[in-house]
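Q: Going by the working numbering, the sequence shown opens with residue 1373, and the numbers climb by one from there.
Derived by calculation from the structure, the hints in this document are not laboratory data. The model shown is predicted, which means the values in this text are computed figures rather than measured ones. Treat the hints with care, since some could be wrong.
In silico SDA-like cross-links for lysine to any residue, where the CA-CA straight-line distance does not exceed 25 Å [what the hints assert, rightly or not]:
| id | residue 1 | residue 2 |
| --- | --- | --- |
| 1 | 1403 | 1393 |
| 2 | 1403 | 1418 |
| 3 | 1428 | 1440 |
| 4 | 1430 | 1420 |
| 5 | 1404 | 1390 |
| 6 | 1404 | 1419 |
| 7 | 1414 | 1427 |
| 8 | 1404 | 1417 |
| 9 | 1404 | 1427 |
| 10 | 1436 | 1424 |
| 11 | 1376 | 1391 |
| 12 | 1414 | 1428 |
| 13 | 1403 | 1391 |
| 14 | 1376 | 1388 |
| 15 | 1428 | 1418 |
| 16 | 1428 | 1404 |
| 17 | 1436 | 1423 |
| 18 | 1404 | 1415 |
| 19 | 1440 | 1427 |
Listed next, with one range per pair, are the computed distances between beta-carbon atoms [what the hints assert, rightly or not]:
| id | residue 1 | residue 2 | range |
| --- | --- | --- | --- |
| 20 | 1402 | 1382 | 25 to 35 Å |
| 21 | 1410 | 1377 | 37 to 47 Å |
| 22 | 1398 | 1425 | 39 to 49 Å |
| 23 | 1385 | 1424 | 51 to 61 Å |
For glycine and all other residues, C-beta sits at the position ideal for the given N, C-alpha and C.
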Amino acid sequence: GFGKLSHEESEKQLNFFRERNSSIEQLQAEKKNLTSELQRTKDTLDERERIYQTEKEKLANELKGKYKS
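From just these sequences and the hints, can you work out the full model?
A: Structural data, given as structure tokens:
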């Protein structure tokens, strides 16, 4: 158990856990960044989709108007 560890060994273990923790934190930060990047991309695509639909409807209405007369 931990009671038998020399000072050097317990330092090593402590460093190991510190490094592990900081890489977990880095991964969580990376995940957060990627998630918000993904959300921005999705918002952009949604916006483009809305614009496209609006333009399509405008065009359809213009064509209807032309062929009525």
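Q: All hints are to be evaluated individually against the structure, with a verdict given for each.
A: Quick rundown of the hints versus the structure:
1. 1403 - 1393: holds (15 Å)
2. 1403 - 1418: Given that 25 Å is the threshold and the Cα spacing comes to 22 Å, the pair holds.
3. 1428 - 1440: With a Cα-Cα distance of about 18 Å, the restraint between residue 1428 and residue 1440 holds, given a limit of 25 Å.
4. 1430 - 1420: Answer holds: residue 1430 to residue 1420 is near 15 Å, not above 25 Å.
5. 1404 - 1390: Status holds; Cα separation ~21 Å.
6. 1404 - 1419: Given pair residue 1404, residue 1419 holds - Cα atoms ~23 Å apart, limit 25 Å.
7. 1414 - 1427: Holds. Residue 1414 to residue 1427 sits at ~20 Å (cutoff 25 Å).
8. 1404 - 1417: holds (20 Å)
9. 1404 - 1427: violated (35 Å)
10. 1436 - 1424: holds (18 Å)
11. 1376 - 1391: This hinted pair holds, its Cα atoms lying about 23 Å apart.
12. 1414 - 1428: Distance ~21 Å between residue 1414 and residue 1428 Cα, so the pair holds.
13. 1403 - 1391: Within the cut-off at roughly 18 Å; holds.
14. 1376 - 1388: holds (18 Å)
15. 1428 - 1418: holds (15 Å)
16. 1428 - 1404: violated (36 Å)
17. 1436 - 1423: holds (20 Å)
18. 1404 - 1415: holds (17 Å)
19. 1440 - 1427: holds (20 Å)
20. 1402 - 1382: 25 to 35 Å: holds (30 Å)
21. 1410 - 1377: 37 to 47 Å: At roughly 44 Å between Cβ atoms, residue 1377 and residue 1410 fall inside 37 to 47 Å, so the hint holds.
22. 1398 - 1425: 39 to 49 Å: At roughly 41 Å between Cβ atoms, residue 1425 and residue 1398 fall inside 39 to 49 Å, so the hint holds.
23. 1385 - 1424: 51 to 61 Å: With a Cβ separation near 58 Å, residue 1385 and residue 1424 satisfy 51 to 61 Å, so the hint holds.
Comparing the model with each numbered hint stated earlier shows that hints 9 and 16 do not hold.
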